[in-house]
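There are 2 protein chains.
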Amino acid sequence: MTHALRTGGDRGYLRIATEEAFAIPEQLDAYLRLVRDGRADKATTSLWGFYGTSPSERTTFIRDRLLDLDAPRIQAMDETGVDKAILSMTSPGGQVFEAEEAKAIVTRGNDVLAAAVERYPDRYYGMTSIAPQDAAWSVQEIKRGRDELGFKGVMVNSHIQGHYLDEPQFDPILRACAEGDQLLYIHPQSPPDNMIAGMVEAGLDGALFGFGVETGYHLLRIITTGVFDRYPSLQIAVGHGGEALPYWLFRINYMHQASVRSGRYERLKPLKKTVVDYMRENVLVTTSGMASEPAIKLCIEQMGEDRVMYAMDYPYEFVADEVRVHDNLAIPFEQKKKLMQTNAERAFKL
Amino acid sequence: MTHALRTGGDRGYLRIATEEAFAIPEQLDAYLRLVRDGRADKATTSLWGFYGTSPSERTTFIRDRLLDLDAPRIQAMDETGVDKAILSMTSPGGQVFEAEEAKAIVTRGNDVLAAAVERYPDRYYGMTSIAPQDAAWSVQEIKRGRDELGFKGVMVNSHIQGHYLDEPQFDPILRACAEGDQLLYIHPQSPPDNMIAGMVEAGLDGALFGFGVETGYHLLRIITTGVFDRYPSLQIAVGHGGEALPYWLFRINYMHQASVRSGRYERLKPLKKTVVDYMRENVLVTTSGMASEPAIKLCIEQMGEDRVMYAMDYPYEFVADEVRVHDNLAIPFEQKKKLMQTNAERAFKL
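Protein chains in written order, with my numbering: chain A, 1 to 350; chain B, 1 to 350.
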């Protein structure tokens, strides 16, 4: 065995990676069509205009590995010691398409994923992709995902053509997740055209910066508009160290209270609880792309040890040393086991 | 004495607050004129349309205290144990005005501040405000601030009508700071119209969220365009826990290297050093509005103990308990003295 890390929980815990991406050819082709026809927003033009066509080593690897759900992926998991992967269609899923095209692609993606989970039942779990443009259809797909395909959560790739899940048209989706007891995972995409400014020209629209802005904004809108007062049992996960909200928590909480008290905004109404409370009772964060000991420890301190979960972000991030960073964290064993295994088992009901 | 905390360094260190705001009446009047005439951008309309007119307790206090540079401010410093304050004109300074109006207001503000420092030489230091719209003039004002007014740094309130300091027209300002050995402090304002999207309607354009997006973006543009390769001695400070860049550091560094390697962006050229290096050699962060032990410790871990400085953010933030959070940080005494006193003395050359 030349494997860098062993799987199988021989270290006392399993490694469950919670934000792992795949794609289907129809999806990538549709992104490229959108870009080619000039119908894509700046973000998708930047993201898939590059990842879909660049001949660089990094992008070729990512394209190949997104499309694979078999031996190479399992081998990559073995090599880096990932016992189980929770898979979802890569960003922006179907959210950039017209509703009919989105539903066709997402349905196909969910079917492909379900078949892969069936082939590797001890290695893969799936999340249901939806087309929030059609909320009623998405509610049905969430049910199909849970009841027929055995999926363990619902994936939304942040904004829906510039709209956010706190807006009323998406309420059926939030309700379906809450009532169906399905974790809602909000994955980044780049900001919409009215927020992206010069980020593309600056090279900062993607994972380097814009992803975190967009997704942190999305979660903060959900919290401050009282979604968790309407659905107290709803659980939402975000990746990349909580998209910096755990770091900002003190300031967000202070300024939220100050804004509400001074009546600055119509939209910032008093909530039943504080932002800190919602972050500790309704939000989970994962460590995708943030194999950073100070950041992970901060998340555990700010959110509580039950609210932080391991993720790799394969194939975008595929670095064995990053798994070791997690294994070697200077935290108690029980916290580490929660981080790597049992928080995911509880949150996704594995 | 009913003072909550004592000044005078009897605890073994002075408390030097590094991001403290004041205003002059002409400045606030000019913001209100801009808003009233419909010439303000969304951010300024939101910020000063509110802070300039709201009758709430918080905003009345802030307006009164911004305009004061005498007994009430000194008393506030005494009550919260702040030995020395480094003062600058409040955001957005003159950056939202036409150049001529900006220069008049900024000149007046610098003069008012210089007189206050002369009245309280053992309590106040000043930073030079500029009007980056006119870079040549700003260079002269930086010299006047340093040589004639005795100021210790230069304040820029993030974007200049949607433009950023990495753009060529501002190069003389960067050069003047580097060659004049003046710390450049980038303070937030809200994002420009092409980045603010629905943040105002959501109540998230200001200190709650938009400030950090805008200012983190600004610093990241400066780093990734190679400003510190051009000016290796240039030192830039940002507040609010480094506007989250210390938290994001692992991901930014990884994605920057991946982007450069794969040639994704014309603008992201190879740099002489890594983003981590620049953050640890050219950037300082302050704790304004972030009286959060996990966040401050993370900054020290990520940036090094010489790169983190105390700030209160008075009068926007005026909470004695937040000073205590700093005093009680579980860090070695020598680190605490650096945080509270000696890093500021070195960086601002007090």
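Any given hint could turn out to be false.
Stated by the list, open to error - Simulated DEER-style distance windows between Cβ atoms:
{"hint": "1", "chain 1": "A", "residue 1": "32", "chain 2": "B", "residue 2": "263", "range": "46 to 52 angstroms"}
{"hint": "2", "chain 1": "B", "residue 1": "232", "chain 2": "A", "residue 2": "70", "range": "47 to 53 angstroms"}
{"hint": "3", "chain 1": "B", "residue 1": "324", "chain 2": "A", "residue 2": "260", "range": "22 to 28 angstroms"}
{"hint": "4", "chain 1": "A", "residue 1": "281", "chain 2": "B", "residue 2": "260", "range": "39 to 45 angstroms"}
{"hint": "5", "chain 1": "A", "residue 1": "57", "chain 2": "B", "residue 2": "26", "range": "36 to 42 angstroms"}
To be verified - With the Cβ distance kept under 8 angstroms, some of the chain A side facing chain B (calculated, not the full set):
{"hint": "6", "residue": "56"}
{"hint": "7", "residue": "112"}
{"hint": "8", "residue": "115"}
{"hint": "9", "residue": "117"}
{"hint": "10", "residue": "135"}
{"hint": "11", "residue": "149"}
{"hint": "12", "residue": "201"}
{"hint": "13", "residue": "256"}
{"hint": "14", "residue": "265"}
Derived from the structure by calculation, the hints contain no laboratory data. Backbone N, C-alpha and C define an ideal beta-carbon position, used for all residues, glycine too.
Hint check:
no., hint, in the structure
1, 32(A) <-> 263(B): 46 to 52 angstroms, "violated (19 angstroms)"
2, 232(B) <-> 70(A): 47 to 53 angstroms, "holds (50 angstroms)"
3, 324(B) <-> 260(A): 22 to 28 angstroms, "holds (25 angstroms)"
4, 281(A) <-> 260(B): 39 to 45 angstroms, "holds (41 angstroms)"
5, 57(A) <-> 26(B): 36 to 42 angstroms, "violated (58 angstroms)"
6, 56, "holds (4 angstroms)"
7, 112, "violated (27 angstroms)"
8, 115, "violated (31 angstroms)"
9, 117, "violated (29 angstroms)"
10, 135, "violated (19 angstroms)"
11, 149, "violated (32 angstroms)"
12, 201, "holds (6 angstroms)"
13, 256, "holds (6 angstroms)"
14, 265, "holds (3 angstroms)"
In summary, the structure is inconsistent with hints 1, 5, 7, 8, 9, 10 and 11 from the numbered list given earlier, while agreeing with the others.
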